[in-house]
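Sequences listed follow chains A and B, in order.
Counting in the numbering used here, the first sequence runs from 944 upward without gaps.
Counting in the numbering used here, the second sequence runs from 3 upward without gaps.
Hints in this document: simulated from the structure, not taken from any laboratory.
Ideal placement from N, C-alpha and C gives every residue a C-beta, glycine not left out.
If you want the footprint, here are the derived chain A segments under chain B, 3+ residues with CB under 8 Å:
| hint | region |
| --- | --- |
| 1 | 1131–1140 |
| 2 | 1143–1152 |
| 3 | 1155–1168 |
| 4 | 1288–1298 |
To list a few chain B residues with every Cβ distance to chain A over 10 Å, as calculated:
| hint | residue |
| --- | --- |
| 5 | 60 |
| 6 | 130 |
| 7 | 156 |
| 8 | 167 |
| 9 | 233 |
If you only want the chain A side, here are some residues facing chain B, beta carbon under 7 Å, derived:
| hint | residue |
| --- | --- |
| 10 | 978 |
| 11 | 980 |
| 12 | 982 |
| 13 | 1186 |
| 14 | 1187 |
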Amino acid sequence: MKKSLLSIAAAAAVLSLGTFAAEAKVKACFVYVGPIGDFGWTYQHHQGALEMQEALGGESEVELAYLESVPEGADAERAIERFARSGCNIIFTTSFGYMDATNAVAGKFPDIKFEHATGYKREHPNVSTYNSRFHEGRYVQGVIAASISEAGVAGYIASFPIPEVVMGINAFVLGAQSVNPDFKVKVVWANTWFDPGKEADAAKALIDQGVDVITQHTDSTAPMQVAAERGIKAFGQASDMIKFGPETQLTSIIDDWGHYYTERVKAVIDGTWEQVDVWEGMAEEHVVMAEYTNMPDDVKAKAADIEAKIKSGEFDPFTGPVNKQDGSAWLAEGEVAEAGVLLGMNFYVEGVDDQLPQ
Amino acid sequence: MFEQIIITIATAATPLLIAAIGELVVERSGVLNLGVEGMMIMGAVAGFAAAFTTGSPWLGLAAAICAGALFSLLFAFLTLTLVTNQVATGLALTLLGLGLSGMLGETFTGQPGVKLPLIYIPVLTELPLVGRLLFGQDPVFYLSLLLTGAVAWFLFRTRAGLTLRSVGDNHGSAHALGINVIRIRYLAVMFGGACAGAAGGYLSLLYTTQWIESMTAGRGWIALALVVFASWRPWRVLAGAYLFGAVSIGQLHAQALGIKIPSQFLSALPYLATIVVLVLISRNRRLTMINTPASLGRPFVPDR
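All chains, full assembly: derive it from the sequences and hints.
Spelled out as structure tokens, the structure:
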């Protein structure tokens, strides 16, 4: 019932968009998985979209359209296709679950450019994929968590078992183990990107089981708030959440999509758009760490040091020796993981105390 | 830890219970309002806004209740006075509520809210083991239990309750007896709206003390399902809400403990449990028939 209602909602949202017949040079459209007010993932994408519009000369130059809370799966295809028919020149689909839908629609509209975030399928020449190396930030978080945790165990609120999220958990664990080899991470799968209540409940469950640091790969600020209430530390997600935990947030991985969106829409205007597969991180400032707060100065220094090393390319979070969860060898001493393996990551590294949902 | 878990379950169950009790009264009067999610989110945004502007979470809760009731009045006017289709109007109410609340709440996104205080009674709250459970929870938790009792008593022990049920079972006969069907339904719908609003206020003032768009995340639909699950009996709604809360919190703990059961299955458990109970209940057709309001969802146009 809920599912079908969401699709009605999605359809209604598409219909209500209508067409504002402005004389803009280009129409850029965005499909979001959550509400733009989630203050997390979708919020940051929308900020990036607005930044792009501003940078390219405002409403008179770029027409912006977006759809919020579009369910992943079959409904997404309808939403994207509506966009394609409504005169969009470039469509950004900003969640992993839109992968097949994006490619399916792209096949039918070869003249429209499609940009899919966090996926790996580019079945048509008009589909690009883009992603950020969030795991670089997760590694730094792991280092911080292991340095300040007294319990020696952190809680990880995960969304769905997709490569992106698995990679984040692995990077966090590797970072933590670089400080304390016995450090434990408890993983709870919320099986949602956005449900403040459920995310808060997951945070409570983890705290009740003794974790004293929490990190999340879901999109709301609820876990941060629970951590603040219970007096433990937490990491923000996607945006700077310091307002929700002035004495709680250690740092946050901030997604900065603005310059990528500007670059890509400009390419459409200039007629220079080409298929790309972009995966950039701290070095290109796609991933920015919020200020290090609520931790001793030596931990701050340690975190800043690792951040600098990742930025300069001196260090990669996935550098061997690393074993898989079952103890079998994955990366040899000094070996760095290939991008392809990471982007399709479906296994845990040694030391993760969870069974990966398959 | 055990104490904390029980409290977390109560927090998860309370908004479901309040919204479902409200909807139960609505459905007992023969009206099917599928707009619970919409009224709930309107309550959440109004509650947050009022508490944020005035600094008083109590005013916030009051505003949430009023917002839910006012919003339901729109539904009542459309379905009862203009006799529109109840299902379609209810769905529209949900869509409208989700959109409108997002628009109204835009300035409150990303603002820390004001939290409803927990009850504190000297000595009693500090009692070992049961102190916090019995005397230290949030005020709305106690209200929700009182509400359940009050509704159960009202529906089955008072004359007014009997009248309301008769309207829900056979509005034609009730009308013939001189009962003002439309007025009773208006009142019932507004009561349901007030409850849904309170449940929404609970979310933004206590559960997660902040305003985020779509923060109800489907809880209104679960409340609707709970009413059927409970076969329109108040105490069963209570049982259902706590069962649902217990399974949803329990599965998170099972995961954190590292119990080797696929997390997708655990996440689906609350819904599976609901389906199983529904199947068990509906095995006895006759009993189900007795409890279901016979005029549920049927439009009523008084003949002159």
